[in-house]
Amino acid sequence: MKPIKLVCAGFGGQGVLSVGQMVALLAMKNNKEVSWMPSYGPEMRGGTANCHVVVDDQPIAAPIIASGITHLLAMNGPSLDKFLAKVAPGGTVIVNKAMIDHPLSRTDVKVIACDFPGLAEEAGAMKSQNMVAFGALIYAMDVFSKEDAKDVILEKFGGKKPELNEANLQAFEFGYSKH
Amino acid sequence: MKPIKLVCAGFGGQGVLSVGQMVALLAMKNNKEVSWMPSYGPEMRGGTANCHVVVDDQPIAAPIIASGITHLLAMNGPSLDKFLAKVAPGGTVIVNKAMIDHPLSRTDVKVIACDFPGLAEEAGAMKSQNMVAFGALIYAMDVFSKEDAKDVILEKFGGKKPELNEANLQAFEFGYSKH
Amino acid sequence: MAKQLMKGNEAIAKAAIVAGCRAYFGYPITPQNELCEYMAKYMRSSGGVFVQAESEVAAINMVYGAAASGALSMTSSSSPGIALKQEGISYCAGAELPALIVSVSRGGPGLGGILPSQGDYNQATRGGGNGDYHVPVFAPASIQEAASLVRKGLIVAAKYRNPVMVLADGVIGQMMEPVELDPNPIDIEAFPWAADGNSGVRPRNIVNSLHLDVDDLENHNKHLQAKYRAIEENETMWEEYKMDDAEYMFVAYGTPSRITKSAVDELRSEGVKVGLLRPISLWPFPYEVIHRFSKKMKFIFVAELSSGQMLVDVKLAVGYDTPVHFYGRMGGNIFEPLELVAEFKKHQEVLGQ
Amino acid sequence: MAKQLMKGNEAIAKAAIVAGCRAYFGYPITPQNELCEYMAKYMRSSGGVFVQAESEVAAINMVYGAAASGALSMTSSSSPGIALKQEGISYCAGAELPALIVSVSRGGPGLGGILPSQGDYNQATRGGGNGDYHVPVFAPASIQEAASLVRKGLIVAAKYRNPVMVLADGVIGQMMEPVELDPNPIDIEAFPWAADGNSGVRPRNIVNSLHLDVDDLENHNKHLQAKYRAIEENETMWEEYKMDDAEYMFVAYGTPSRITKSAVDELRSEGVKVGLLRPISLWPFPYEVIHRFSKKMKFIFVAELSSGQMLVDVKLAVGYDTPVHFYGRMGGNIFEPLELVAEFKKHQEVLGQ
Amino acid sequence: MTTTVFKKTRGLTDVPFTYCPGCTHGIIHRLVAEVLEELELLDTAVGIASVGCSVMSYEFFNCDMIQAAHGRAPAVATGVKRTHPDKTVFTYQGDGDMASIGAAEIVHAAHRSENITVIFVNNAIYGMTGGQMAPTTLPGHVTTTSPFGRDTTLQGEPIRMSEMLSTIPGSYYIERVTVIDPVSVRKAKTAIKKAFQAQKDKKGFSMIEVLSTCNVGWGVTPLDALKQIKNDMIPYYPLGVYKDKGANQ
Amino acid sequence: MTTTVFKKTRGLTDVPFTYCPGCTHGIIHRLVAEVLEELELLDTAVGIASVGCSVMSYEFFNCDMIQAAHGRAPAVATGVKRTHPDKTVFTYQGDGDMASIGAAEIVHAAHRSENITVIFVNNAIYGMTGGQMAPTTLPGHVTTTSPFGRDTTLQGEPIRMSEMLSTIPGSYYIERVTVIDPVSVRKAKTAIKKAFQAQKDKKGFSMIEVLSTCNVGWGVTPLDALKQIKNDMIPYYPLGVYKDKGANQ
Amino acid sequence: MRGIVTFDENRCKGCGLCVNVCPVHILELDQTKVNAIGYHPSHAFAPEKCIACASCALMCPDVVITVERVDQ
Amino acid sequence: MRGIVTFDENRCKGCGLCVNVCPVHILELDQTKVNAIGYHPSHAFAPEKCIACASCALMCPDVVITVERVDQ
Ligand SMILES: Cc1ncc(C[n+]2csc(CCOP(=O)(O)OP(=O)(O)O)c2C)c(N)n1
Ligand SMILES: Cc1ncc(C[n+]2csc(CCOP(=O)(O)OP(=O)(O)O)c2C)c(N)n1
Ligand code: SF4
Ligand code: SF4
Ligand code: SF4
Ligand code: SF4
Ligand code: SF4
Ligand code: SF4
Ligand SMILES: [Mg+2]
Ligand SMILES: [Mg+2]
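Chains as they are written, first to last, in our numbering: chain A, 496 to 674; chain B, 496 to 674; chain C, 54 to 406; chain D, 54 to 406; chain E, 96 to 344; chain F, 96 to 344; chain G, 590 to 661; chain H, 590 to 661.
Just chain A, same shape as in the assembly (with noise of 0.2 Å):
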């Protein structure tokens, strides 16, 4: 497996870093090595928040991402600005697609854009965005199978919010598929 750089930022609230955590629980049921590392303190007082994950099959070297991103999840457009220009060659960016009526500054990377909100509200839950999010990120990392996926999200928050799981777990497939 070639190395996966992740990186989902977004407002607080939005739940980049259940993403990020959802990806690194997928990489454990796959015996990856991963690590999960948030931001964290007053620098979440602006109102955004990001966590890298790596996953590797070495053991991971450096848990915080200065380069390099394999993975951009952006889910709105300060993050997007912070991080876009730190994405690999060749790298994936997932974004909302509201995000991006000019063209992106970099030509090198492939895009999936996705209809975050549209897609939530179709799924049963506008709280369900980052559902979708995690679809189209597990869908463009072509790593892990859907069914892992969707057993994270069960393990994660089907005791939290059973009355979500549905809207959750269609949301991830809209996610997945519909971009």
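No wet-lab data here; the hints were simulated from the structure.
Computed from a predicted structure; not experimentally measured.
Errors might be hidden in some of the hints.
[What the hints assert, rightly or not] Derived DSS-like pairs: lysine-lysine, alpha-carbon spacing no greater than 30 Å straight-line:
{"id": "1", "chain 1": "H", "residue 1": "K638", "chain 2": "F", "residue 2": "K340"}
{"id": "2", "chain 1": "A", "residue 1": "K605", "chain 2": "A", "residue 2": "K656"}
{"id": "3", "chain 1": "C", "residue 1": "K56", "chain 2": "A", "residue 2": "K656"}
{"id": "4", "chain 1": "B", "residue 1": "K581", "chain 2": "D", "residue 2": "K351"}
{"id": "5", "chain 1": "F", "residue 1": "K325", "chain 2": "F", "residue 2": "K102"}
Keeping the supplied structure of chain A fixed, place chains B, C, D, E, F, G and H with the ligands upon it in accordance with the hints.
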């Protein structure tokens, strides 16, 4: 000059620290090198106090006298007990007459026994017992002049307690001569 | 226990509880808050005590009290908070009390910043409290190791009656990694010296660090020094990575050592015979092994997230015969493997190799 | 000023006032009480400020405030009290504030004892506060030198915008010796950066040690490090005693260096070519001169009232080529010249000389 | 023709506040800044920023500012005021900063009757570090270090700083106010002004405690946070003047 | 036949006190020890010795003892009591220790209502270190750090700890007593007993403030020192119960 | 009495405190807009009804609002 | 009521607090004696007058005094 290693010891309030300081001032007056080091802290809570005075032509190495005391002024019994063993052979011990009903445990030291309270009373102030001791000490040292010593007394106490000047000087004289 | 994905701060907290720590006293500070919060949530249900102290000073003195009365206890904090604990740590050392102090350090000096840094190496290894004392300092490089070193720390603390510090950089505190905890409580006997209010059934116990008599205090210090020699003897820990045939040696600890490993791999892939010596115990420091290796090295390269604090210990180990180079970042910036590789090559070029 | 017989603590206080220190904040602790008490008596009439703080923590933060607003200020304490100041000292260093801290140290660890000791060398030279910072530490060996180093300390503090420590053992604090004070106030310009409430006549000033941005904090640290290199360059102080033709070198500082001088004289009188190197600044430490001399020595002998804390710096300077021996007392016990001579001879015998 | 009824005071810089949306730290900042401007103290004031969400207030107040260690602002202020008795010195402190780690420093600033003004922002939580329990957190309230609600048998009943400090002979003026509606905001400003005036008149220690929100830490909306002050906090922390040595003169 | 009216309590060891002649620390020690014996708490008590003249009290109280850092005895006691809730935990602290450097720790032990008993020996001076001013030193009194007499304009008016701590909801029982004659000694003992009883009954924080002499630090005879308490101290520090949560039950 | 209320729009964090307090209920968060710092800013949808009471400005934590009175 | 007052003489520091408080004035510091720790110890010069009130013992800071009552 042979180095002087003087220890003055007694109950708190007997003025042994002052005696040591007067010796130090006298040494300064005579352009000697000198150091004065008191016992301090809760050690004094027990009611005893002492100071170490070293006078030399050379810069003073150790201001604390661990052994080889050349002159010991012991104004009470516990002090004598504590320091006698550290007096150098041939050294001088100055004590209150009443304290030595029994012969000293050492025979290789000179003893000057002086009636501190008696002579002080005779001089006109029971408070001047330490001046008696100072007198005896200066006599024993045989290094400094009586005149300088008296100047030091006046310099140190003349301002604060002029009413005592007479008695102090008299007590000093008695100490210097009557033992 | 099964492998779980855990945040370092939480893994540290849980490892301590599982190992048998029964009292935690702390005060919030970033980046260790989750540790304190985990304790707030789980210590009571584990039959232990959680108190949010009014300050770091109070927290370490609560630890002092708990330890003096025989409880296996701990506190945690970060840089300025650790500074405030120095008097208390010195008291623990003086009174010979077992205690675990977790330091999740950030950037300094002063209020500094909250991002990962290793600028507190001196603070941890040289104290700052008063007097001749030492605190064993263990520095994990992964969450798994953080959990084991917490356990080890409690064992060492109890065994030697001495405070022990686990020094984690902010990355260790905040990162999540898979971790498997040893489910067994550590095995320590009750402390016969504890002032635990049982003087009805044994002679009364006194816990104290005051020794007004000089000979008393000197003897006490000699006793402490002998203990420290024993700790040096028995508890020095390090890891060697690709050192067998190495001609160059990196020295790094904590999270940066992982980045350094990547640099080693990168250089190895280019055919450079380089290895890594990772001190795990910062005090006692692995002077001897570093000295031994140093004789065979063309140069030694120390990488730290500081201006070079461990560097001094490496130099002490090496002496003057082998060059020691240094690369550091500060303030929360973290070097990357290729950054180290590039720096390494500069020195190699100078050597003409 | 005329020569006076003065207690070290009082000479330090008076020297500071005469030099122009205008604010003192302190808390009682033996053996520095006379310093605090002298300030209580004379600071006001000198136009300055004396405040007995509620604690050492408060005292150093009052110093921080006074310094931040441009006043040349100081505090003093002893071992556990210095431990409590570590956070505040780190803040002063981080915010680049000039301040004088006098440490009159006693025996430790913990409450320890109150008699003279040098167990706080690490506490003074390695900080204990958080982050990468340094505090110049000057260690007098006589009352006269204590007075001059206080003056020098204030100058260095103001020049580099950095806290400076004068580290005196209890002997220096308590002893009386003749001393002559420089009557002239030191010459420093007003601090343009001071937050002294004059934003009406210039842009507003901010004094701060927080840098949330990593690059900001890294740059700030680089700036600090550059300053520390300059201090190392300019402010390293030591004394050489009979070193010209020496084949053996003692290294000792503070009061014990005087005792060591006697030992040197004694050995010289027996024909042994021995000298003394006395570090006056403990940070910056005179590594270079010690290294240079070490090459010519048969061995080096470090004497300290500790378990050997400066010893580590000496070894760092010397490396492995020359043996470094050590003799120390602890807890308030002080060695005598002949004790050192006897120890010295043991090592000489081993050498077969 | 128009008259300005309200505009941003010169007492604040142009740097936007870093506080969360709806956080009343911002209102309190503004009031202090307005008072400084109106009493013409801005050019001679030295403010002490404490450690808490307001740590960056040195960026906001348009006067000389010093950032102090956590809890030590009153000591830092003492250092400034004693060496600069004619300047106006104030601290701006949170409840964690002042009531917890800094309890000794505030008690002793009052004890010595330091001629300073303390703005005490009581939001019953540690905002900055992510919502831990403060000594002022109300009984039963859930925070990250009182995850089952503040249990008074283990964590005590909340401390009332204004009441406590009023017992200290050296305190001159102490009032508790809040900023939950325009009326209380106006009252708060009057109190703050009175406190600074006391300093100007060299009367000694003054403190205004302001009940403030931390909607993020409390986990409620900004509007609900205001209600929470009214319904929960004020009953436990009654508003009013607790000490006014000048009142009987 | 004879009956013993008074003999040395088993609550004290045989080690002679290290206090100066006439120092009332000794009386207070004895009272605490008698109470411990009478309430049968000696075998399960843990005492915390603070830093001050009473630092060596670990030698005197005949129970388990822990020596604490200056001012931190309440925190140390918290560590002991929380991990040993069924033991009897008390601190013995001077006014420098508790009212000055340890102000935060005592406030927060009361705030958390730690179930401990605090013996607060207020002698209005720092005895141990040689007679410096304490926060409790009376106005005008000369000490080594108030060489011209305590100047309230610079050093504040003395702080009243019992009054202050009584405002804290968590404090359960607080009384101020003295030991200047047999009657007051008896009253002091009753108060101390009540405080330990409160702890036994798990009521929370109790403190007895004892006005005590330091004849050496005050520079007077032991007898005059007693008079000084009566004439100077009691008027400023009125004796009595300041907090008794149990009173209305 | 008539007032003019103006907003420094890009400082607004959309907290709604001003909206809630306006006695004539003319303020709202503009859901159609996202300002430079990512929030739906407050605005007056019927500005002519403003009575210049300044309540909004008094409550605004981010000093967004200026209020003027039109003198008649 | 008759009492027996006894002194653990070598613990006495001669502070005089007991002397002052004795209602029948039978205590004094013995100026003719210096005890093992250097003080003139207190003693009862008319012990038979003791009424066993224990006032002396209550005031003694050094726990020197034992008081017994002779039961009649
Ligand atoms: C010595 C020290 N301990 C802890 C911290 C961490 N810390 C920063 S802010 C804070 C609490 C702030 O709470 P409060 O004073 O109530 O202010 P708020 O954020 O609620 O306005 C803490 C504990 C620190 N910076 N320094
Ligand atoms: C951290 C620290 N600061 C200062 C001291 C010095 N010190 C010892 S006792 C004492 C004051 C004691 O006064 P108090 O508490 O009133 O007790 P007293 O001696 O009057 O009974 C001080 C300041 C210390 N030991 N530790
Ligand atoms: S965390 Fe709370 S106190 Fe801090 S800015 Fe946000 S709302 Fe305000
Ligand atoms: S110094 Fe004062 S308090 Fe201490 S023992 Fe002596 S009289 Fe008592
Ligand atoms: S000034 Fe008054 S009326 Fe006008 S918008 Fe603001 S709150 Fe409404
Ligand atoms: S109160 Fe201020 S920040 Fe909040 S919505 Fe209104 S204008 Fe915007
Ligand atoms: S018991 Fe009473 S009567 Fe007897 S000696 Fe003592 S004080 Fe006097
Ligand atoms: S009170 Fe006690 S110590 Fe004092 S004189 Fe009487 S017996 Fe002696
Ligand atoms: Mg708060
Ligand atoms: Mg006292």
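- Task: State the violated hints by number, sorted upward, taking the hints as numbered earlier in the document.
- Result: 1, 2, 4
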